[in-house]
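Each chain is listed here by its residues.
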Amino acid sequence: MAVEEKRLIFKHIDQPGYTIDIDCYLRNGGYEIAKKALTLKQADIINEVKASGLRGRGGAGFGCGLKWSFIPPTNTKPVYLICNADESEPGTFKDRQIIYKDPHQLLEGMLISCYANRVSLAYIYIRGEFPDGAKILERAIEEAKKHNFLGKNILGSDYSLEIYVHRGAGAYICGEETGLIESLEGKRAYPRIKPPYFPAVLGLYQCPTIVNNVETLCHVKHIMAIGGAEYAKLGTPNNTGTRILCVSGDVNKPGYYEFEVGKITLGELIYDVCAGIRNGNQLKAIIPGGSSAKVLRADETFKIKQKQADGSMIEKSITINDIPMDFDTMAAAGSMAGSGGVIVMDHTRDMVEALANINEFYAHESCGQCTPCREGSLWMKKITTRMTHGGARKEDLGLLKNVADNIAGRTICAFGEACSWPTQSFIAKFPEEFENKTKTETLSEPIRTAA
Amino acid sequence: MPQFRPEFLAKVDEAIAHYPAFKRSASLPLLHLWQEEFGYISNEGIHWIAEKLGLQPIQILELVTFYPMFRQKPFGKYHIKVCRTLSCALGGSSELHERFKKTLRVEGDPHGPIHSPDGKYTLEFVECLASCGTAPVCMINDDFHEKVDSQEKINALLAKCN
Ligand SMILES: Cc1cc2nc3c(=O)[nH]c(=O)nc-3n(C[C@H](O)[C@H](O)[C@H](O)COP(=O)(O)O)c2cc1C
Ligand code: SF4
Ligand code: FES
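Heads up: the sequence lines are chains F and V, in that order.
Using our numbering, the first residue of the first sequence is number 28, and each one after it goes up by one.
Using our numbering, the first residue of the second sequence is number 1449, and each one after it goes up by one.
By construction, these hints were calculated from the structure, which means they are not laboratory data.
In this text, a Cβ means the ideal position worked out from N, Cα and C, and glycines have one as well.
Check before you lean on any hint, since a few could be wrong.
As the list claims (entries may be wrong) - Calculated pairs, EDC-like style, for lysine to aspartate or glutamate (alpha carbon to alpha carbon, straight line, at most 20 Å): (1) V:Lys1595 x V:Glu1543; (2) V:Lys1471 x F:Glu209; (3) F:Lys280 x V:Asp1597.
Unchecked claim - One-sided and incomplete, this derived list gives chain V residues near chain F with beta-carbon spacing under 8 Å: (4) Ala1469; (5) Arg1472; (6) Ala1474; (7) Leu1511; (8) Phe1514; (9) Tyr1515; (10) Thr1533; (11) Gly1540; (12) Gly1567; (13) Glu1575; (14) Cys1576; (15) Ala1578; (16) Ser1579; (17) Cys1580; (18) Ala1583; (19) Asp1590.
To be verified - Using C-beta positions, here's what the derived DEER-type ranges look like: (20) V:Lys1521 x F:Glu342: 56 to 62 Å; (21) V:Glu1484 x F:Glu402: 32 to 38 Å; (22) F:Asn74 x V:Pro1468: 43 to 49 Å; (23) F:Glu462 x V:Lys1525: 47 to 53 Å; (24) F:Asp299 x V:Thr1551: 36 to 42 Å.
The task is simple: from the sequences and hints, build the whole structure.
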């Protein structure tokens, strides 16, 4: 039997009759949790979020409460909060649903999070390609202000908060939190070096800044609704709550689904929820957490350590279908849960072509600050492009691997890893396909076509 | 200098007011407003925005050349952005781009914007538009279109451009 969805964030998404205006939100109990939260002590809210075990849904899976507690206790500067609505990791389309279909849920989550962190000015950094999303959020902010959920002296308290929408302009690197901050300061989105520029310490305008993903901030609302301890019972230990999974590629029913973290396996997701591989084809490969995540091969076995009920650890060999969708197991299987974007490829797909497509993305999106990333991403693209166009040289496979191996760990931001992992994993998992492309030595110019 | 509509100037002031701590933060918003109003970022625009924010023109120009959405030349009245990235490629984005090319009778390097000679259309491949589950997708100006997987759908979309 198919695993049941558990919809917290998506409770009202696509529900007939549910609209984006504040009246509809209020009819469905909207802002009640914020009202309650505003009567609590800030530290109590942070403790609930810590107790919930919530891990960031933007990609890295970092503890949300822990991140919040990095703001120096002696801080006297203003604290900012930025909602990361850049949603640009290929394969990911969840934040779009929240922004376009339930904007007040995000505002309520932000209101609680801002109050808890003593933030009086917050921004929503939304990707430039969501022009309607920006308008929807701006309208929702106006409505919330009219009801005094935002603005001065919220609901008669002495707490005031302004939220503004800030539009990006088409650069993927603005999703990286320090690149995002530079961009919000009106500069090129060049990521900052960490340390010292951990946003919670030195962020926007050199002030402590919380950067959280759209979905993460929505979860804060649901944590305050049921309490951190109760929330932590959802999901699995260390991988609590629910999370949205976006499935795209060669499945019959692609889409966005919300499950308790780790309570559904990759196989259940693909065969039960998404109705299997399209055209009756066979599964070949899955990229489980956005295009940066390492690819998994359908016929691999994965050795993972699992904690037993009595606390002891056992090692198990499992197939791709048995991998539970949680942060820790996905890491143990050699990839990452990342942004929750699951890209599925069937047996008709050419893995070199797929990698060439991904490499073109990263070559286009490198910000260009670090030589290994700027040059390496370009070279990887050049090599995989000539492989797909029959112009590969015998030494190209070794060269490709060498370039990839010399980016990760040598750059300012995690884009370095993000762009080398696909190449490293595609070669490691599908060496025969790459070898086939480099067998014949031809030195003709590759034909320039896209994708 | 172009004629400024009062509505445009009001929007500019409103945008600047969103950044009480640091005017420079309004650079991207002002570039968006300028491009919406005048179609592209001219030299004049760069100087005007720089002056408005107390910056050097180079500090605005370097944004225009960094962020893919800003352009320094006029684009067609209808800007068609076809997603090129993996999920859409699996869902047929190359075909979609080809079909647009044939239907609009335009030719050109798919790595850059392709303009129709009458100035009506600009066709461009872009990276993931965050709707990978409904591939292949495209945008025509601000409007977003999912599962554009047949010639009929393209015809219907283009019929609305006039
Ligand atoms: C290259 C790169 C791109 C990223 N893109 C996004 C993005 O589009 N959206 C997002 O929320 N986080 C993105 N992140 C992660 C952010 O840097 C940051 O970890 C996140 O916004 C923190 O929020 P969370 O703790 O709620 O997950 C990206 C990271 C990197 C390295
Ligand atoms: S790793 Fe790449 S994207 Fe990140 S700062 Fe360096 S050049 Fe820019
Ligand atoms: S790959 Fe096209 S929308 Fe994501």
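Going through the hints against the structure:
Distance restraint check for Lys1595 of chain V and Glu1543 of chain V: the Cα-Cα separation of roughly 12 Å lies within the 20 Å cut-off, and the hinted pair is therefore satisfied. Note on Lys1471 of chain V and Glu209 of chain F: the hinted pairing holds, with a Cα-Cα distance of about 14 Å set against a maximum of 20 Å. Of the pairs offered as hints, the one joining Lys280 of chain F and Asp1597 of chain V holds, with about 16 Å between alpha carbons and a cut-off of 20 Å not exceeded. Using the Cβ-Cβ criterion of 8 Å, the hint placing Ala1469 of chain V at the interface with chain F is satisfied: the shortest such distance is roughly 5 Å.
For Arg1472 of chain V, the interface hint holds, since its Cβ comes within 8 Å of a Cβ in chain F; the closest pair sits about 4 Å apart. With its C-beta approaching chain F no nearer than about 7 Å, Ala1474 of chain V sits inside the 8 Å limit, and its interface hint holds. Checking Leu1511 of chain V against chain F: minimum C-beta separation of about 7 Å stays under 8 Å; hint holds. With a cut of 8 Å, the hint placing Phe1514 of chain V at the interface with chain F holds, because the nearest CB-to-CB distance is about 5 Å.
Because the beta carbon of Tyr1515 of chain V sits about 4 Å from the nearest beta carbon in chain F, less than 8 Å, this interface hint is met. Interface hint at Thr1533 of chain V: satisfied, since its Cβ lies 5 Å from the closest Cβ of chain F, which is below the 8 Å cut-off. Because the smallest distance between the Cβ of Gly1540 of chain V and any Cβ of chain F comes to about 10 Å, over 8 Å, the interface hint for this residue is violated. The criterion of a C-beta within 8 Å of any C-beta in chain F is not met by Gly1567 of chain V, whose closest approach is roughly 22 Å, and the hint is violated.
Taking 8 Å as the C-beta contact cut-off toward chain F, the hint placing Glu1575 of chain V at the interface holds, the least distance being around 6 Å. Taking 8 Å as the C-beta cut-off, the interface hint given for Cys1576 of chain V holds, the closest approach to chain F being about 4 Å. Checking Ala1578 of chain V against chain F: minimum C-beta separation of about 5 Å stays under 8 Å; hint holds. With 8 Å as the threshold, the beta carbon of Ser1579 of chain V comes within range of chain F, its nearest partner Cβ sitting at about 5 Å, so the hint holds.
Interface restraint check: Cys1580 of chain V against chain F, minimum CB-CB distance 4 Å, threshold 8 Å, status holds. At a threshold of 8 Å, the smallest CB-CB gap from Ala1583 of chain V to chain F is about 6 Å, leaving the interface hint in force. Taken as an interface hint, Asp1590 of chain V checks out: its beta carbon lies about 4 Å from the nearest beta carbon of chain F, inside 8 Å. At about 60 Å, the CB distance of Lys1521 of chain V to Glu342 of chain F agrees with the hint of 56 to 62 Å.
The beta-carbon spacing between Glu1484 of chain V and Glu402 of chain F, approximately 36 Å, falls within the hinted interval of 32 to 38 Å. The beta-carbon spacing between Asn74 of chain F and Pro1468 of chain V, approximately 32 Å, falls outside the hinted interval of 43 to 49 Å. Hint check: Glu462 of chain F to Lys1525 of chain V, Cβ distance near 49 Å, so the stated range 47 to 53 Å holds. Roughly 40 Å separates the CB atoms of Asp299 of chain F and Thr1551 of chain V, a value that falls within the hinted 36 to 42 Å.
Checked against the numbered hints given earlier, this structure breaks hints 11, 12 and 22; the rest are met.
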